[in-house]
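Colleague: As a plain string of letters, each chain reads:
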Amino acid sequence: MSDSVAASLAEAPSYNFAYLDEQTKRMIRRAILKGIAIPGYQVPFASREMPMPYGWGTGGVQVTASVIGPDDVLKVIDQGADDTTNAVSIRAFFQKVARVAVTTETARATIIQTRHRIPEHPLTEGQVLVYQVPIPEPLRFLEPRETETRKMHALEEYGLMHVKLYEDIARHGHIATTYAYPVKVEGRYVMDPSPTPKFDNPKMHRSPALQLFGAGREKRIYAIPPYCDVVSLDFEDHPFKVQAFDKPCALCGAENVYLDEVILDDRGGHMFVCSDTDFCEKRRDAGHVGEMTEAAE
Amino acid sequence: MEFSTRSIDGGFAEPVIAAQGVFRALMEAMARPGTVHALPPLAAPPAPLTAEAGAVALTLCDHDTPVWLDPELQGSAEIRDWIGFHTGAPFAFTPAEAHFALVSRPGELIALENFAQGSQDYPDRSATIILQLDTLAAGAPLVLEGPGIETRARLAPAPLPRHLATQWRQNNARFPRGVDLVLTAPGAIACLPRTTRIVETEG
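So the sequence lines, in the order shown, correspond to chains A and B. The numbering of the first sequence is my numbering, which starts it at 5 and goes up by one. The numbering of the second sequence is my numbering, which starts it at 306 and goes up by one.
Any given hint could turn out to be false.
Unchecked claim - If you want the footprint, here are the derived chain A segments under chain B, 3+ residues with CB under 8 Å:
1) 25 to 38
2) 41 to 50
3) 69 to 77
4) 174 to 183
If you are wondering where the hints come from, they were derived from the structure by calculation, not from laboratory data. Glycine is no exception: its CB is placed at the ideal position from the N, C-alpha and C atoms.
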């Protein structure tokens, strides 16, 4: 290869904007529009191989890549944290292939791609929350055949899901499902909110932000438009309840937020801290202290 | 075969960025029915296909999506060639086969029930109808409710398909089946997904 050819190849853009080719984006965009028009219905799409393994958020990445533009500000979280492997690598991916601005601040982001949390800071109109979904079908572990689950959605036949929740009560005395807690969207489709803790389910209800869900391996896209009714399934005598924590965050003292347990030593020492790292940092910057930070001062 | 240069000109100057921008306007419009989003003139199709409807077609249509044209658009070889050249989309012989419909004269549109409604199993296999309107703000006001709308939204599109309020109630009743409407007007775009209810019509 001559030097001039090599030089021009080096200068040539390596990827299309946001990695995906335009035909793929069109196909995904059509699926997103259909998903928005039929809230909670899983739209099949021709999921592509991505330069990361299934299970690393290929569905969310394809949705984000089809939505994102040069003016967007992207935030990526993994279990609420901006600084863990999955979040860092996906953020770096979009910096490389779309050269977009990135942020860790929830309020500044226009697109937030998430693996299994909804940020504590309330979302606003115009923001898009993109979920990475491993198993989009809420009925899959109850009925393995796609032909059957599709028929169940078509006929709005969700008795099996209530039996599952009832079996929880029969076995444990309460509904023991704590994550991927099934919801009903606009009174029609039962939907898997992805493995978010059920603590986050109420945040989906009438959220001003647009919520998009991408499942790469399972090849499904679904959506919840803003201000949409999202109701967690329950029973009259066993109403839906979110997790409660005994103590506030050990670093920032926040209450009514979702906490992660952090092991401190090998003698059983542990603390509970905000799962949402951006929220926790913002509170500490504003002077809030928790048990651990107080002790350190 | 005659192939006018007007069928080759008038695509997106920057296909990647333009398609992304148009899609975001469409996505916002579909997610928040009743909101009107600005759409700069990015495409220049042969008349009477408008810049806005042309831009939506360039953004969403390709060889996977049969397109149906209303009689006026169908009558123009230049428009058929333009869509064929820029999107590669095949033309649907009947509205029931179409994924997208382009309509230059909404007032003369055949009934919405003629278009693909999807099935109860696959409600996504339905048509999206792109209407070319004169205005989204100066027609008879519609009051809208439904997903994507906090309380109520207002839109005043004109001209509309005949008996739209009745047709739309029937479309709502078919949920999850049904068609979705993309309303385009000069410089602007709005959407009526099948979930939106027209609760009031004035005038």
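Colleague: Examine the region 174 to 183 of chain A: at least three residues should have C-beta closer than 8 Å to a C-beta of chain B.
Modeller: With 0 residues in contact (Cβ-Cβ under 8 Å with chain B), the coverage given for the region 174 to 183 of chain A is violated.
Colleague: Counting residues of the region 69 to 77 of chain A that have a beta-carbon nearer than 8 Å to any beta-carbon of chain B, does the count reach 3?
Modeller: It holds, with 5 qualifying residues against the three required.
Colleague: If you look at each residue in the region 41 to 50 of chain A, do at least three have a Cβ nearer than 8 Å to any Cβ of chain B?
Modeller: holds (count 6)
Colleague: Check, residue by residue, whether the region 25 to 38 of chain A contains three or more positions whose beta-carbon lies closer than 8 Å to a beta-carbon of chain B, and give the verdict.
Modeller: Answer holds; 11 residues pass the 8 Å Cβ test.
Violated hint: 4 only; the structure is consistent with all others.
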